[in-house]
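Below are the chains, spelled out letter by letter.
Number of protein chains: 6
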Amino acid sequence: MKVSARNVLKGKVKKVTPGVVNVEVVIELPGGGELVSIITKESGERLGLADGKDVYAIVKASNVMLGVDH
Amino acid sequence: MKVSARNVLKGKVKKVTPGVVNVEVVIELPGGGELVSIITKESGERLGLADGKDVYAIVKASNVMLGVDH
Amino acid sequence: MKVSARNVLKGKVKKVTPGVVNVEVVIELPGGGELVSIITKESGERLGLADGKDVYAIVKASNVMLGVDH
Amino acid sequence: MKVSARNVLKGKVKKVTPGVVNVEVVIELPGGGELVSIITKESGERLGLADGKDVYAIVKASNVMLGVDH
Amino acid sequence: MKVSARNVLKGKVKKVTPGVVNVEVVIELPGGGELVSIITKESGERLGLADGKDVYAIVKASNVMLGVDH
Amino acid sequence: MKVSARNVLKGKVKKVTPGVVNVEVVIELPGGGELVSIITKESGERLGLADGKDVYAIVKASNVMLGVDH
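Here the protein sequences line up with chains R, H, B, U, V and S, keeping their order. Take any residue in the first sequence, count from 1 to its spot, add 1: that is its number in our numbering. Take any residue in the second sequence, count from 1 to its spot, add 1: that is its number in our numbering. Take any residue in the third sequence, count from 1 to its spot, add 1: that is its number in our numbering. Take any residue in the fourth sequence, count from 1 to its spot, add 1: that is its number in our numbering. Take any residue in the fifth sequence, count from 1 to its spot, add 1: that is its number in our numbering. Take any residue in the sixth sequence, count from 1 to its spot, add 1: that is its number in our numbering.
Since the hints were derived computationally from the structure, they do not count as laboratory data. Among the clues, some could well be false.
Which copy is meant is left open, so a pair is good if it fits within one copy or across any two.
[Claimed, not checked] Calculated pairs, EDC-like style, for lysine to aspartate or glutamate (alpha carbon to alpha carbon, straight line, at most 16 Å):
hint : residue 1 : residue 2
1    : Lys42     : Asp70
2    : Lys13     : Asp55
3    : Lys11     : Asp70
4    : Lys16     : Asp70
5    : Lys11     : Glu43
6    : Lys11     : Glu35
7    : Lys15     : Asp55
8    : Lys11     : Glu46
9    : Lys3      : Glu29
10   : Lys42     : Glu29
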């Protein structure tokens, strides 16, 4: 499937922290940066998320806020 | 101000495309990747967005979806 | 790509209304219902959206609000 | 109250899974499909969600991503 | 309809700025503050939004980011 | 940092309820109203959230839904 989201960043799962209904997933980007995602625990299991797995972080453009230094 | 968002990526404005109420902002990341943001036109003007300006892309962790290859 | 989103509904594009930076896409569901999506114009073009095209509406579970009758 | 959201789908609660601050709610649609929602536990209690209860799934159009097959 | 959203603020429409597919709505709160909403133009028309109209601003708790001063 | 979000409301933390990966934060507004936010537990700790702390609730305009009475 090809998705409409303008932001698709490739990375590797660095850490999965399970809660009761959600999991927090830390993704390591090639350049050394990190992204954090919260998805449902069932989705994490369905995607087979585990440390080191290749993964895409997908963000809709309307969910990207901007900031500037003063 | 320090924000709760787990994802704050530094980049430079590459292109601003104004609509009537929104603007589309393309941000160039240091590694060469790009992010796209949709914000209101008034916010774009208030932040003084223009090509080459340093900017942060801010994404709440709950807005990061994940994907894996089949 | 397989996505983490818990809600993936198959339908057909019924109408595409282009704005300057966004497009509004009306999707017809098999049962006769409709969904509406706002994505960037560039994404609409990249996906080749046009009337009658098969399409998936994808919604992250954290973006589904609930309501009940009084 | 009448809401601005373009997507309001009627269904029945199929399953409620409580976490500590959030609950996951599976909704069965008339056609047999399902939707999943994550809301706060307090909201779930305030709405009196329980198996079989009539409920509306409400999604803002800007939160609907699209996908197409390759 | 009663909604799950934890944040429902009553106000009055102060200004409606129509775009092609979206409209920007400025809402005046009782205490003098303002909120801004972007919804689809069709939703704005369906709700009959016009200056001075009583309106509720509805925000899901997962869409509220926090910030603190340094 | 100055953010693009059109909605920045100043308040005080009234209550923090920790889950496993998320925390629920109730914010008291000057006029007596309340807002509720769900952020990750790590963000809550990084911001040093505690009862009585000054805090900003930040909401992107595209995440504000509207409602009207019938």
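How the hints compare with the structure:
Taking the shortest Cα distances, Lys42 and Asp70 never come within 16 Å of each other, neither inside one copy (36 Å) nor across copies (19 Å). When the C-alpha separation of Lys13 and Asp55 is checked against a cutoff of 16 Å, the pair qualifies only within one copy, where the shortest distance is 5 Å, while the shortest distance between copies is 27 Å. Within a single copy, Lys11 and Asp70 get their C-alpha atoms only as close as 27 Å, which misses the 16 Å cut-off; across copies the closest is 11 Å, which meets it. For a Cα distance limit of 16 Å, the shortest separation of Lys16 from Asp70 qualifies neither inside one copy, at 30 Å, nor across copies, at 19 Å.
For the homomeric pair Lys11 and Glu43, neither the shortest alpha-carbon distance inside one copy (21 Å) nor that between copies (21 Å) is at most 16 Å. Taking the closest pair of Cα atoms, Lys11 and Glu35 come within 16 Å of each other both inside a single copy (11 Å) and across two copies (12 Å). For the identical chains of this complex, Lys15 and Asp55 are intra-copy neighbours only, at 10 Å inside a copy versus 28 Å across copies, given an alpha-carbon limit of 16 Å. Taking identical chains as interchangeable, the C-alpha atoms of Lys11 and Glu46 are never at most 16 Å apart, the minima being 19 Å within one chain and 23 Å between chains.
Taking identical chains as interchangeable, the C-alpha atoms of Lys3 and Glu29 are never at most 16 Å apart, the minima being 22 Å within one chain and 19 Å between chains. Neither within a single protomer nor between protomers do Lys42 and Glu29 lie at most 16 Å apart by alpha-carbon distance, with minima of 20 Å and 20 Å respectively.
Against the hints set out earlier in the document, violations occur for numbers 1, 4, 5, 8, 9, 10.
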